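Chemist: In the order they appear, the protein sequences are chains A and B. Numbering that gives the first Met the number 0 numbers the first residue of the first sequence as 0 and each following residue consecutively. Numbering that gives the first Met the number 0 numbers the first residue of the second sequence as 0 and each following residue consecutively.
In case anyone wonders, no lab produced these hints; they're calculated from the structure. Model, not experiment: these values are computed from the prediction. Where is the CB? At the ideal position from N, CA and C, for every residue including glycine. No false leads were mixed into what you were given.
Some chain A residues judged to face chain B by a derived CB distance under 10 Å, without partners named:
1) Ser110
2) Ser159
3) Ala178
4) Leu205
5) Gln206
Not everything, but these chain B residues come out facing chain A in the computed CB check (under 7 Å):
6) Tyr184
7) Gly188
8) Leu407
Here are the in silico distance ranges between beta carbons for each label pair:
9) A/Leu8 / B/Arg329: 48 to 58 Å
10) B/Leu265 / A/Thr179: 34 to 44 Å
11) B/Thr454 / A/Glu255: 53 to 63 Å
12) B/Pro344 / A/Glu255: 34 to 44 Å
13) A/Ala81 / B/Ala443: 45 to 55 Å
14) B/Glu391 / A/Ala74: 45 to 55 Å
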Amino acid sequence: MSGHRPATLEEASEALRSASVEGASVRAFGAGTKIDWGRVAPDPDVEIRTDRLNRVVEYNHADMTAVLEAGLRLAAAQEMFAERGQMLALDPPLGDGLGATIGGIFSTADSGPLRHRYGAARDLVVGMTVVLADGTIARAGGKVIKNVAGYDLAKLFTGSFGTLGVIAEVVVRLHPLPATRVTARGSSDDPTALERGAMAVSHATLQAESLDVAWQDGRGSILARFAGAAADVQAQAAARLLAETALETSVAEDDESLWADQRDGQRSADGATLRLSGLQRDLARVLSAADRRRARVLGRAGAGAFWMKLPDAPEEELVQAVDDVRAELRDLPCVVRDAPRAVREKIDVWGEQPEALVRLSRKVKQHFDPDGLLNPGVFVGGI
Amino acid sequence: MDLVDELKTICSPERVVTRRHALQTYESDGLLQYRALPRAVALVDSAEEVRRVVRACYEAGVPWVARGSGTGLSGGALPVEEGIVIALSRLRKILEVDLDNQRIVVEPGVTNVDVSAAVGPGHFYPPDPSSQIVCSIGGNIAENSGGAHCFKYGFTTNYVTGLEVVLSDGDVVTLGGKEVDRPGYDLLGAFVGSEGTLGVATKITLRVVPVPEATRTLVAYYQTTDAAGQTVSDIVSEGIVPGAIEMMDNLTIRATDEATHAGYPLDAGAALIVELDGPESECAALFEQVEAICMRNGATGIRVAKDEAERALIWKARKAAFAAMGRISRNYYVQDGVIPRTKLPEVLRRIDDLSREYGMKVANVFHAGDGNLHPLVCYDDAQPGQAEKAEEFAGLIVQACVDAGGSLTGEHGIGVDKKRYMPDMFSEADLATFQRLRCAFDAAQLANPGKVMPTPRLCGEVPGPYRQHPLERAGVAERF
Ligand SMILES: Cc1cc2nc3c(=O)[nH]c(=O)nc-3n(C[C@H](O)[C@H](O)[C@H](O)COP(=O)(O)OP(=O)(O)OC[C@H]3O[C@@H](n4cnc5c(N)ncnc54)[C@H](O)[C@@H]3O)c2cc1C
Numbered sequence: 000m001s002g003h004r005p006a007t008l009e010e011a012s013e014a015l016r017s018a019s020v021e022g023a024s025v026r027a028f029g030a031g032t033k034i035d036w037g038r039v040a041p042d043p044d045v046e047i048r049t050d051r052l053n054r055v056v057e058y059n060h061a062d063m064t065a066v067l068e069a070g071l072r073l074a075a076a077q078e079m080f081a082e083r084g085q086m087l088a089l090d091p092p093l094g095d096g097l098g099a100t101i102g103g104i105f106s107t108a109d110s111g112p113l114r115h116r117y118g119a120a121r122d123l124v125v126g127m128t129v130v131l132a133d134g135t136i137a138r139a140g141g142k143v144i145k146n147v148a149g150y151d152l153a154k155l156f157t158g159s160f161g162t163l164g165v166i167a168e169v170v171v172r173l174h175p176l177p178a179t180r181v182t183a184r185g186s187s188d189d190p191t192a193l194e195r196g197a198m199a200v201s202h203a204t205l206q207a208e209s210l211d212v213a214w215q216d217g218r219g220s221i222l223a224r225f226a227g228a229a230a231d232v233q234a235q236a237a238a239r240l241l242a243e244t245a246l247e248t249s250v251a252e253d254d255e256s257l258w259a260d261q262r263d264g265q266r267s268a269d270g271a272t273l274r275l276s277g278l279q280r281d282l283a284r285v286l287s288a289a290d291r292r293r294a295r296v297l298g299r300a301g302a303g304a305f306w307m308k309l310p311d312a313p314e315e316e317l318v319q320a321v322d323d324v325r326a327e328l329r330d331l332p333c334v335v336r337d338a339p340r341a342v343r344e345k346i347d348v349w350g351e352q353p354e355a356l357v358r359l360s361r362k363v364k365q366h367f368d369p370d371g372l373l374n375p376g377v378f379v380g381g382i
Numbered sequence: 000m001d002l003v004d005e006l007k008t009i010c011s012p013e014r015v016v017t018r019r020h021a022l023q024t025y026e027s028d029g030l031l032q033y034r035a036l037p038r039a040v041a042l043v044d045s046a047e048e049v050r051r052v053v054r055a056c057y058e059a060g061v062p063w064v065a066r067g068s069g070t071g072l073s074g075g076a077l078p079v080e081e082g083i084v085i086a087l088s089r090l091r092k093i094l095e096v097d098l099d100n101q102r103i104v105v106e107p108g109v110t111n112v113d114v115s116a117a118v119g120p121g122h123f124y125p126p127d128p129s130s131q132i133v134c135s136i137g138g139n140i141a142e143n144s145g146g147a148h149c150f151k152y153g154f155t156t157n158y159v160t161g162l163e164v165v166l167s168d169g170d171v172v173t174l175g176g177k178e179v180d181r182p183g184y185d186l187l188g189a190f191v192g193s194e195g196t197l198g199v200a201t202k203i204t205l206r207v208v209p210v211p212e213a214t215r216t217l218v219a220y221y222q223t224t225d226a227a228g229q230t231v232s233d234i235v236s237e238g239i240v241p242g243a244i245e246m247m248d249n250l251t252i253r254a255t256d257e258a259t260h261a262g263y264p265l266d267a268g269a270a271l272i273v274e275l276d277g278p279e280s281e282c283a284a285l286f287e288q289v290e291a292i293c294m295r296n297g298a299t300g301i302r303v304a305k306d307e308a309e310r311a312l313i314w315k316a317r318k319a320a321f322a323a324m325g326r327i328s329r330n331y332y333v334q335d336g337v338i339p340r341t342k343l344p345e346v347l348r349r350i351d352d353l354s355r356e357y358g359m360k361v362a363n364v365f366h367a368g369d370g371n372l373h374p375l376v377c378y379d380d381a382q383p384g385q386a387e388k389a390e391e392f393a394g395l396i397v398q399a400c401v402d403a404g405g406s407l408t409g410e411h412g413i414g415v416d417k418k419r420y421m422p423d424m425f426s427e428a429d430l431a432t433f434q435r436l437r438c439a440f441d442a443a444q445l446a447n448p449g450k451v452m453p454t455p456r457l458c459g460e461v462p463g464p465y466r467q468h469p470l471e472r473a474g475v476a477e478r479f
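Construct all of the structure, not just a fragment, from the sequences and the given hints.
Modeler: Below, the structure written as structure tokens:
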């Protein structure tokens, strides 16, 4: 495998163009914190490292937008925004050495607890510059938060795992960083009570910033975090709602570590982690399915994204456990995230997709990367 | 069989419009400057009929345009001359209200307000275009419509979780679902805002949210739009996210007050409506802060809505802005540019200069939070050449927006009206990249051709010689 470390957009374009002339396969590499996600595929011929594409191209604090290069670490960007009382409302786990880069996060569409209020990466990106397989530099979207000119390719590229082009720059919309945050917590060993608690909060007029669930060893909690001018009043109100659904409640002002656990728990060094997409009314089912397997669950109780961590076990057993969970929760799309390579080799990490959707996805791939050079084989349907 | 006969067997003869005077109803959308007569209009009754009509057009090689309520302001639903119009307004069923999961599933012809009505009183659907009483959800999806409450709550694209789409070859595909964050390409995100060029949405799943506990509304008056603009920047930089912030300039105030008698002072240079919504405790705390910011920026008066009736009156003036313009000008052209908020004074000065140069008045209304300007260029089409001149002027306004780092359109779309300006905002490479998406969805280019892109483009064969990739040889990756 050969490597490039472009320092400019033009160098990135040249690297891709020359690879395409040689028919060499290419993948972008940020900090590598999620490089194993997706289907197992042989190493590409060329790797484009984004570590020198790490500038803040623009930070328009008064307009609350920023143009960030792909190799910039999210943590570094957040520090800069925080100095102005702002944030990029995206808080995925940052991985080793807080290394996660903008490019990696947007390519994988990773997210964290802030998803509840602010949406996912797709909802925060307002523009993007990409380099296509043939070296074409293309921009979509713009630098303003409202814009409907042209197709929304920034969303298409977000979560495309580098299979359509290399993300070089991302334009994001920013939000105010709340001065105060308070968390209400309600705990129980009854999955149904937890589901009811989460729904009581999400259906109330309280506007939570995050609404999460955590479950381990037969007991779990609903965590509702409130931010802003009346965070404490809202958290007290949420605690009352949680108490009404028979949860044991508490309110925490010093809540940062609770949420760090929620974020970091989305990753695992052993066992296998499944990410399930579901709805609010799926929560109890997911918790019960996890409990029977001594698995841990955390995720978004309101938005309906759950990470289920199956305990460490020999490969064959893990493969079986993944199949079992998928069979039991058949209607919930289920992606395998962190898992030993041997496990990922034996299953379709993306799960089954409807035929018509795969057909259309393939056409999209074919038009953006006709020679199939970009990160071949890692994505849904073998793309 | 002739295509029109086939449409008659698919729908039924009464639901296929072919008579000239009846076709005229469909010759324009909300932008009356453009007209074209289709060969026929199919008033479809079901998603299955949509699929069969689209398929029949595919086999006949005839282009078609989907039409919701026809309120679009960029000529998006303008028929293709001799093409087919697929009118969706009979598809008005609410298929499922799933409040537990905060979702609603509807047919595309359902109006925007009917969605909120179906999930009320506890929930609502936030994207609220001023045309919400008539415009269809399908049209909203195609345009990625916005509204007054989008600064805080987001746009259509942030609320659509699933779509059933009929592609131009008659294939039916489901993008997304009730759940969010599904694996695979975000084709749903790419479809929203694609202006009817990627297919017809026949079934739509939306996310809805609880109605806020409290709403507090005020309108502040200023001598200048600059002072009102600075107020917006200050509110936002203090970390306050109002439910809505809308601005009107003097000409708009005068026109709307005459129409609505809302009681805005006629000598005010600008009026700023600020609405906070959310939990009572939060609104109460922030409302005083907002009033203080208004005063600090030289507000000459502040009117706080005492009750729902007064709130409605304040909003009535804003919502009547387009319609009221008829009182001060025979004709007007609605522009829809976006700028970074901070460039407001600079761009308004440029519009002022142009207004003098062209000798035409401009009334300005803005979604101030997101920098979306709606300058209304006033003209009189009884005078020869005025309409063209107004259009040219409006074109210079959007160019000024793009030069200031903004966009050609915030919510009305490119359609036919603005396609010629696309090269001001996008390079040839950018446009060619858009075309790749278009070709993946609709290689035959039968779905609303002639919109969005500045010049016709072919899809042709996928470029590049066939080369077997090493992975493919190894059987690891497949080619398709
Ligand atoms: C007085 C007035 C005020 C307005 N205010 C606002 C506003 O505040 N915010 C805003 O964003 N817009 C506003 N608009 C513009 C317009 O109402 C919106 O663009 C609306 O979404 C159009 O909906 P429609 O059903 O009328 O669509 P149409 O005009 O019928 O069609 C618009 C486009 O959508 C396509 N389309 C329609 N249905 C489908 C479908 N099911 N699948 C695929 N494509 C489809 C059509 O082909 C066309 O390209 C306003 C218009 C008027 C007249």
